[in-house]
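*Asks:* One-letter residues, chain by chain:
4 protein chains.
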Amino acid sequence: MAAPLKILVWNEGVHELTNQPATMATMYPDGIHGAIAAALAQHHPEADISTATLADPEHGLSEDVLAGTSVLLWWGHSAHDQVADEVVERVHRHVLGGMGLVALHSAHFAKIFTRLLGTSCSLQWRNDGGRELVWTVKPSHPIAAGVDSPLVIPQQEMYGELFDIPEPDDLIFISSFAGGEVFRSGVTFTRGRGRIFYFSPGDQEYPVYHHRQVQLVLANALGWAAQPGLRHTVPEVGNPARRDFGK
Amino acid sequence: MAAPLKILVWNEGVHELTNQPATMATMYPDGIHGAIAAALAQHHPEADISTATLADPEHGLSEDVLAGTSVLLWWGHSAHDQVADEVVERVHRHVLGGMGLVALHSAHFAKIFTRLLGTSCSLQWRNDGGRELVWTVKPSHPIAAGVDSPLVIPQQEMYGELFDIPEPDDLIFISSFAGGEVFRSGVTFTRGRGRIFYFSPGDQEYPVYHHRQVQLVLANALGWAAQPGLRHTVPEVGNPARRDFGK
Amino acid sequence: MAAPLKILVWNEGVHELTNQPATMATMYPDGIHGAIAAALAQHHPEADISTATLADPEHGLSEDVLAGTSVLLWWGHSAHDQVADEVVERVHRHVLGGMGLVALHSAHFAKIFTRLLGTSCSLQWRNDGGRELVWTVKPSHPIAAGVDSPLVIPQQEMYGELFDIPEPDDLIFISSFAGGEVFRSGVTFTRGRGRIFYFSPGDQEYPVYHHRQVQLVLANALGWAAQPGLRHTVPEVGNPARRDFGK
Amino acid sequence: MAAPLKILVWNEGVHELTNQPATMATMYPDGIHGAIAAALAQHHPEADISTATLADPEHGLSEDVLAGTSVLLWWGHSAHDQVADEVVERVHRHVLGGMGLVALHSAHFAKIFTRLLGTSCSLQWRNDGGRELVWTVKPSHPIAAGVDSPLVIPQQEMYGELFDIPEPDDLIFISSFAGGEVFRSGVTFTRGRGRIFYFSPGDQEYPVYHHRQVQLVLANALGWAAQPGLRHTVPEVGNPARRDFGK
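Sequence order for the protein chains is A, B, C and D. Be aware that the first sequence starts at -11, since it is given in my numbering, and climbs by one per residue. Be aware that the second sequence starts at -11, since it is given in my numbering, and climbs by one per residue. Be aware that the third sequence starts at -11, since it is given in my numbering, and climbs by one per residue. Be aware that the fourth sequence starts at -11, since it is given in my numbering, and climbs by one per residue.
Among the clues, some could well be false.
No copy labels: a pair is met if it fits in one copy or bridges any two.
[Unchecked claim] 25 Å max Cα-Cα, derived SDA-like pairs, lysine to any residue:
1. Lys235 with Arg200
2. Lys235 with Ala26
3. Lys(-6) with Ala132
4. Lys(-6) with Gly48
None of these hints come from the bench; they were simulated from the model.
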């Protein structure tokens, strides 16, 4: 009945190949994208889940691929500027048309994220492997369903305020860190017809995407951001004639 | 030109008289209300600042007093249920009509606060004197002007999420505590024509209102919540005739 | 798997019995509640849909009934003050605990609605049978799915701004009227764990609930407000011991 | 004490020179920018108000000019794409750093506006000179102070929903048009440290900026958007060492 849920997990895939291949091969033998895709498949066995990376032709984000995608997950960190502007504009158009976007961790600086939000998206950070606590502040939101409060991540990079984002539609999670910092770590936005979720846990140096509760958050986010069967049409300018609606 | 800023600092005044008179006499010889009023007077020398307590006739919140008040600060903790319902309805009416309300610390459970917000306003708490860090997340808001981020309070009662409030208009401050908890510690709401600010630091066991930065937050809040010269008129139901506005 | 969707359509039922029995018998032979319930059953054949009215014992809103209800629809107009305060507190508690509430038309003045929102909920009105146009302004919201923009209601009572409500979580619909007035006619709120939708079309003098598109809005609202399987627990105050979450 | 309020009224100035010079010379002999600047000077006699147009070097928007500007008003329509990208990035940076932006009418399609908001900002329009009614829905906002509800504009271009913008921080005005359309005509956003107000009335074919109430809205908007004395610093990424804040 409903169109099948088509999910695309995108990862720049640079840490796996170049930056830290040994570490990554141990922690994420199939890449960060592979680990996320496998986890999502357990929660959404009915979904059609694919992966793509920067190295793929058109970064694996062709018009055809995006047209059939309900939700795009985006992990990027060290190669934001290698993402072609043309592809960014294409993804932007699809999000405005209704494709969901789940932006993860360092994707706060991805071109597509700053393009959609319009701010610097800067933040404070420190990588000393302290623990992160993710507290739920909007329990009625579907993304929070079944998630522990706090969700305890033993080791993570610290991301702290000020996080320079527009006022989110929903503030679902707030994190605290071992150094006392706080961060709006789970926030939603609507842009055009598209639903966007940003979730900050997920540094490449720690096995965050193997954490069952983090996987649950991502799985919930898919269900929320997907609008299966929606054609991706950006709201368009119109010049309608005056109609007679009655008095 | 502008009407003078009239401020009323309300304190139930029970800890001072009954619960912890010795401690309070040392820390707040003029009561919590007295300390707050003195601090505000330094920031707003032009303002007319009064105090009132539960023990006053009509709790010091008569129709005449409220009609002339631009902003009411409210500190209460152990005697919420002793505040007369009639007075609560009166304050409610004036807030809807445009009187500002600054609710402090345990006032999250004040009748007037839960009446205005409609939720349980429950939260998690623990009084072990840990440090609180108050981080600014909306620096462009006038209440955050000049406030350190973090504002460090060496000892405070912990107030933690889930804080059961409606989505605030503005989330200005988020606190973290020594135990890793987080709390939306500075939030605004609009109800009717009135502006409301809740600020959670301020337990009676610690000298929080002597903290210069906390005083600055309260002084900023007054400037923001005040609408001097506004008549306190609750938006009313109307039954206007159809007008001819042209075509 | 999922608990069945239990829906309760509540109508004061006074116009049917007393105020305009002849008109109502023609337009709504099974009452407004009956018409709404029948329409919802077409959209949600899997749901368990009941009705209740003011005249029922405890207004049909006993603890047992509410405990099993996923979403309560509320239509009231001329008998708001006959709803027992005890029942209002009970419904309030269940909404904070996660029961959905869909408030219709004059229910803006229902005790449960003003109790949840904390404002006067006053508005401007005029009953001259002009046409109402309901425009979608948040097309990505599930309540707007498949709904015409504008949804044209040939004859309706005018409800106009200023509508004295708190800032809604989502503004989904804005109406205009033949006299040029505007109204935020479809708005959502979250209170506690509960989801609330207010929809203004629906005066008893016009066959609004027979309008297929109005029925679609209500059916969508049920799907959005329901959190089947959720236990209705109001967020509670807690006093947790300090835990060791690591460093 | 406070830094002087420096206001810059920017107009592309193309209709005045090329498109409709005769009409414009009659209606706006000093250009749209000149008319707006003169009106603002009456409300803010203390302010330093300048104008600039597309034809000026760097469009009159040099680094030096922007560094000293508290609020920039922007009117553009037929030459959005002639605004240099370099200048757009510069204005963007200053808005994120705290310069206010008041975007008028067709400026919904200005590069700086879509860059800040991240959406298409498309809308429905029809220029048949019908009347526009601007209704206040947030009376406690300073931009609404003293403004009639409705503010009646006898002739205006119709701008209708769907207006593809992110959820505004504040929805202050909703307009209706003779054809029954509605539009969120006065909305605010915060981006970085900057405050943004969009106000839709103002087509070049009608003398909208001579309307005393429209002038009042713009004057109010200046007062709200200005943060005099604020250095324009975009929130920056930081990498702070772990501090010892106590326990």
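*Asks:* For every hint, state whether the structure bears it out.
*Replies:* Going through the hints against the structure:
no.	hint	result
1	Lys235 with Arg200	between (58 Å within a copy, 21 Å between copies)
2	Lys235 with Ala26	neither (58 Å within a copy, 30 Å between copies)
3	Lys(-6) with Ala132	both (22 Å within a copy, 23 Å between copies)
4	Lys(-6) with Gly48	within (14 Å within a copy, 44 Å between copies)
In this structure, the one hint that does not hold is number 2.
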